[in-house]
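Engineer: Sequence:
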Amino acid sequence: MSFGKRLAAAVTVIVFGAAVLYGSTLVPTGGESDADPVDYWDVNKKETIYFWYSDENLTNFINNAAVSFNEKENVRVIPVPTSANQYLEALNNASLHESQVPDAYIISHDYLEKAYLAGLATQIQDTEGVCSSENFPEAALSAVSYHGKKVAYPLFFETSALMYNATYLAQWARQAAEIELSGVDFPVDEATIAAKTEQYYQIAIPDAVDDILSVADSYETPEGVEGIFKWAVSDIFYNYWFVGNYMIVGGDAGDNEEMINIDSEETVQCLEVYKALNQFFYIEPDTVTYDSVLQDFMDGKIVFTIVTTDAAKRLADAKEQGLIAFDYGIVRLPDVSRELESRTMSVTGTVAVNGYSEHKELANRFAAYLVDECADTLYDRTGKVPARWDDDPENWDLQIFRQVYADSIPLPKMMRTENFWLQLEALFSKVWNGADVSELVSELAGRISLQVNS
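Under the numbering used here, residues 2 to 455 are what the sequence shown spells out, in order.
There could be a bad hint or two in this list.
Below are the DSS-like pairs computed for lysine-lysine, each with C-alpha atoms no more than 30 Å apart in a straight line [said to hold, decoys possible]:
no., residue 1, residue 2
1, 302, 197
2, 276, 302
3, 115, 361
4, 197, 320
5, 151, 73
FYI, nobody ran anything at the bench for these hints, they're computed from the structure.
These figures come from a predicted structure and were not determined experimentally.
Take the sequences, apply the hints, and build the full model.
Structural biologist: Shown next as structure tokens:
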């Protein structure tokens, strides 16, 4: 699946373009709610706000939140499911020309600069202090910040992590332990083998890419295993962690044109490691997608892969249904080397308050309510992981993703660099196929510099 489609899976927002018709959107579609239906034709009896969103998977969650907010605050919230096609332009047209102005809406954080400069997002009021480090990790707060102002509330996130077949790693650890102990000159019992196996198992869960290579070099793979490490190498979302700690584009908030450093020595070194991996794990970019790789993992064909948050539920469901017989685990992505750190990319779905709204105070209250008090139902209703801190110990896989997200670098929101990701994806493709790293990085840095300074 392409980078654009992965972002669309998180929250679809399309830049301003051709106009789309707005209207006939007051009745939610694309999913059923277990909440009582909202009386859409009785909007004059109490204060009313209109809430836009473009992902039908959110319908149940938003409808339930609207009902409970109505019961709590005596404010009617009208959910307005809207086509993802030209979403921002539709918001703009409705704000300027329609009587039912969108008061708040869901938007991917990387479009917040565009929305803010168009007047479609405004600095949040947050009178209850919901949008704080007590409730959200730094990545979430950076995602909703623009030039020092918080211009939205963080709702859910997407990022990547490493998934491994724990059964295969246990087999490899046993092999390695038996090989080592076969050379000793004293009797070896099962307890000794078990202790040594545990040592190797901990080594097999990688801290750096070299640890994966060690497994690949020495593992006598079972029948049916086609490879040790495979991922969607054509998609920047699953590659960016190689350079994320050193390729600076806008700083942590992704909004500072003075903080751009693409052509660094560390970036080049990281990409050289990426380039070398093609010699160990030959992957034909045109033949793999995220979904195909995840299916290969579920079929027991690979040992390690890179996944996004959806994999937690897909693997848990498959395990429960008996579709997979092996154990598995999820951990943060390894460092590029012992000297070079990795850092993943993240995208945050946010709730923004429309600058054209005549009900900003009510819209802020509902937005804060949605990301705070309703967060504990978000995953069950939508499959999306809340950006809010959650210490729920029952789903360890989601806790790993939350830890990764907290340390991630949000996708930048600068309009001047909005095509950077397509250019970087092309660079990774060329590097994977053996092109000169230093030359490609220098060329990319030059093009982005021209864009920013023109």
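Engineer: Give a verdict on every hint.
Structural biologist: Each hint tested on the structure:
1. 302 - 197: holds (26 Å)
2. 276 - 302: Holds, because 23 Å separates the two Cα atoms, which is no more than 30 Å.
3. 115 - 361: holds (19 Å)
4. 197 - 320: Holds, at roughly 29 Å.
5. 151 - 73: Holds, at roughly 26 Å.
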